[in-house]
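Bring the two chains, given one by one in their own frames, into a single complex with the hints.
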Amino acid sequence: MENIVECRNLTHYYGDKMVYEDLNFNIKKGSILGLLGKNGTGKTTTINILNGYLTPRSGECIILGENSKNLSPYVKSQIGYLIENHVQYAFMNIYQIEKFYSGFYPNWKRDAYYDLMAKLKVTPKQKISTMSCGQRSQVALGLILAQDPQLLVLDDFTMGLDPGYRRLFIDYLRNYAKAEGKTVFTTSHIIQDMERLIDECIVFDYNKVLVYMPVQEFMTTFKQFDFEVTNPNVEFDKGGLVENYEKMDNSIELFSYSTEKEVKSYLASQGIEYSNFKQVPMTLEDAFIGLTGKY
Amino acid sequence: MWKSMFYKEWIKVRLASILSLAVGTVAILGIYLNVRHTFIITNAHEFWDGIINQRHIYFKLFKYIPLGIGILIGLSQFLPEVKDKRIKLTLHLPLNEEKAGLKMVAFGLTCLLTLYSILSALLILPGRYYFPYEVVALSANTIIPWFSAGLAAYFITGLITIEPLWKYKVFYTLLGFAFINLFYQSDLAGAYQYAWLPFLGIISLVSISILFSIYRFRKGEM
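Chains as they are written, first to last, in the numbering used here: chain A, 1 to 295; chain B, 296 to 517.
A few of these clues could be false.
Claimed, not checked - Derived lysine-lysine pairs resembling DSS-like cross-links, with alpha carbons at most 25 angstroms apart:
| id | chain 1 | residue 1 | chain 2 | residue 2 |
| --- | --- | --- | --- | --- |
| 1 | A | K69 | B | K394 |
| 2 | A | K17 | B | K514 |
| 3 | A | K28 | A | K208 |
| 4 | A | K127 | B | K380 |
| 5 | B | K298 | A | K99 |
| 6 | A | K99 | B | K380 |
| 7 | A | K99 | B | K378 |
| 8 | B | K514 | A | K127 |
| 9 | B | K514 | A | K69 |
| 10 | A | K38 | B | K394 |
| 11 | A | K109 | B | K298 |
| 12 | A | K99 | B | K394 |
| 13 | B | K378 | A | K127 |
| 14 | B | K514 | A | K208 |
| 15 | B | K378 | A | K125 |
| 16 | A | K208 | A | K247 |
| 17 | A | K69 | B | K380 |
For the record, the hints were derived by calculation from the structure and aren't laboratory data.
Here the structure is a predicted model, which means the values were calculated and not measured.
With the rest of the complex left out, here is chain B (with noise of 0.2 angstroms):
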């Protein structure tokens, strides 16, 4: 069962998958491109004193690509199950209703942390042949809060578009927006290297909340 469900959900979200791989290959890409020409054509040691004593972001370009990834397989794996009420052929799965929500939200997540973990490594490897070990490992830190915000957002996404009533889902979606907006409260790198576990706490909460969507749904609120 967990073969067919997953088969389903990849079905919805190859071509989303794909999508945000190629987007986010091109920026970072674009950013390395950028890093070579300002060491070899520009000026290298601003460049580097930037980076090094005030804590530059030299990869901003990549900041919100997490978040629209998990917005973008959000919406991709959740919007063809509300259209004609198609969760109802979900829920009538031989399978406990929460399992069979569960066992969507599991398949996102693993297709969200394997395009994350790809990412990740295109982003920070390459930084090896520029940059010493202590900046690689800042820009790690860095992009923690950008990828739990990019999760974060593929369980909100979720959560709102299942959700039944219009009134629920514009709550849920300031709610939302209120939280990611936590997760880029600062420009500087490592910013948020003392708070990442608390968020993954909430983020791990919020994982579960399409579960309280299914719920209503089938208390018939739809």
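The following block holds chain A by itself, in its conformation from the complex (with noise of 0.2 angstroms):
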């Protein structure tokens, strides 16, 4: 399947201090990727290089074909983009925005934008300035699916949004996004309600990479056993078959991609006298938290 964006080998740092060393991930057309990662991770960084605000030290971004740190008019008006807490020009209102913004793309849909704004209990000539983050993150989703575009890049949409209208703006993402084969690539460092949303998922920690698959591969690989161990002051290695461990006094809660005949096996082996263990069903946002840590 044809990709509309490909990282090749991106490497960034602030001054010495390193993002990322050779990251590389493509968006496959008509896919929703996630990028998830805690704050200060490199999220809004990777948007900034995927936009041109932000040369690389090294490798490169393709974004339709073109290098982004030099994109064309043509390949801009392609990608919708949503910046973090849905800033838009808020000296504006419903009405002067969509109209302002029309006049850049040949195709705008401006009953795409109508539609969207008819749900908001807001007047047109209300300024965005006076809306809530909610009504303004409608607003900028329906400049977005006026625009058109074939990439959605948003950086994350979820921040100071409450749950409904969180569950609103992905519900209504998807939707569009499968309904018109449109290439989805979100951040989001709030990770509840993304499992309705992702396709894939990027999950990044401090200077790497955790995860990069599908969303369903890693819910169903990555697994949480919980137990208790005589010995409270057991420690266990990461990096082989425990990818992250929590404990408090003696309960564990263990992380890992091994089976669990893998894991008792692996508690045996290392003289670990252990009781009440079962594995324990996650949810994206447990398994987020799981393999990245509390802290």
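Here is the structure:
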């Protein structure tokens, strides 16, 4: 399948601080890729590189066949960009902002924007600066729908949204993307609800990529095992079978790609006595925290 | 695209433009009320002598108004762009980034030249009622550096506001202050009549300086 985005060997530093090295990922046409990570792991840096606002130290991003450092006006017209916190020209009102953007896009779909606006309890003359975060998110989404781009780049769109608006945004976006064959690249540090949206995920930790695979594969292969140990001072070596673990007194939460049988065999080989061993079902958020840790 | 870009810029500066025009007009009204008062009530002879022989400027009240207007238009145009890094939206428009920046500047320049033309006419034309042609011509010559300072202040305000790094902002502010100060060195009417052309040349160069800040913004120095 054709790749809309190809990032090759991306490396970036802020001064001496490494963000990541040799990051590689592709986004297939029509897929929804979520870049998940805690604050400060490089999500917005990646978005900035994709949009040409930041030159990486090395490596390149190819978007719709062009290097992101020099995107042509045509390719930019095919990228719908939602800035963190749904930033828009807040000094305009609903009517003015539509009028402004429509002049730049020949295939502007005015009805798509106004259909969404009709659902908001605001007047056309209401300034965007006076709207709630949820309402602003709908204005920003409406503008992207009207632009009708091939690729949607959404930077932490869940930020500041209450659960209702978050769900509304995600459902509207997923239906639109799947119905129209759009490609979506989104970042988020709030993992709740992302399970409903994304097809593939990349999980960032500081300086490294922990996961890059389809969400379904991640959710079936990554597991949580809870058990109690006799010796509360037991420690596990991370990196082999154990991806991560959390310990509270005698209770252990162990995260692994291995099967229950393999984990039990590992515990036995380490001479660790345990009881109440069970595999616990996880949401994407549980898996994310399990993988990246609580701190 | 020009139309859309100008539409956005107009939304940002319309209040500042109306305010600038109002303040300028009130100042000019005050100047001519003062001239009329001097002619009718106080010593008209001394007033004439001051203007003709000692090259006094009878509209000194207007001196810093074009400068203030330039800064105000610059701030009202560029501050909303940097707030919440909205400049990203502008640079993401399907335009060449440099063209997008220059279109914003072109609008600001058009707006300023319109305001300055109206205010110049309001300042100079009534002068013909009170003074001979030579005095009016000298007046026109006198206000050119003030308007030039306003234009320079507008471009420098844009440069400083868009600039992503504080150390550069401070440097540009000091440089801009020193440059604009050159336009206010003399209080004699017509003192700059042989100097404003080179000044306009420098201002033309300053006018594209915003491209440097945009370039640095795109490099990621934000």
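We went through each hint and held it up to the structure:
{"no.": "1", "hint": "K69/A to K394/B", "in the structure": "holds (16 angstroms)"}
{"no.": "2", "hint": "K17/A to K514/B", "in the structure": "holds (17 angstroms)"}
{"no.": "3", "hint": "K28/A to K208/A", "in the structure": "holds (22 angstroms)"}
{"no.": "4", "hint": "K127/A to K380/B", "in the structure": "holds (19 angstroms)"}
{"no.": "5", "hint": "K298/B to K99/A", "in the structure": "holds (10 angstroms)"}
{"no.": "6", "hint": "K99/A to K380/B", "in the structure": "holds (22 angstroms)"}
{"no.": "7", "hint": "K99/A to K378/B", "in the structure": "holds (22 angstroms)"}
{"no.": "8", "hint": "K514/B to K127/A", "in the structure": "violated (32 angstroms)"}
{"no.": "9", "hint": "K514/B to K69/A", "in the structure": "holds (9 angstroms)"}
{"no.": "10", "hint": "K38/A to K394/B", "in the structure": "violated (37 angstroms)"}
{"no.": "11", "hint": "K109/A to K298/B", "in the structure": "holds (19 angstroms)"}
{"no.": "12", "hint": "K99/A to K394/B", "in the structure": "holds (20 angstroms)"}
{"no.": "13", "hint": "K378/B to K127/A", "in the structure": "holds (16 angstroms)"}
{"no.": "14", "hint": "K514/B to K208/A", "in the structure": "holds (23 angstroms)"}
{"no.": "15", "hint": "K378/B to K125/A", "in the structure": "holds (22 angstroms)"}
{"no.": "16", "hint": "K208/A to K247/A", "in the structure": "holds (24 angstroms)"}
{"no.": "17", "hint": "K69/A to K380/B", "in the structure": "holds (19 angstroms)"}
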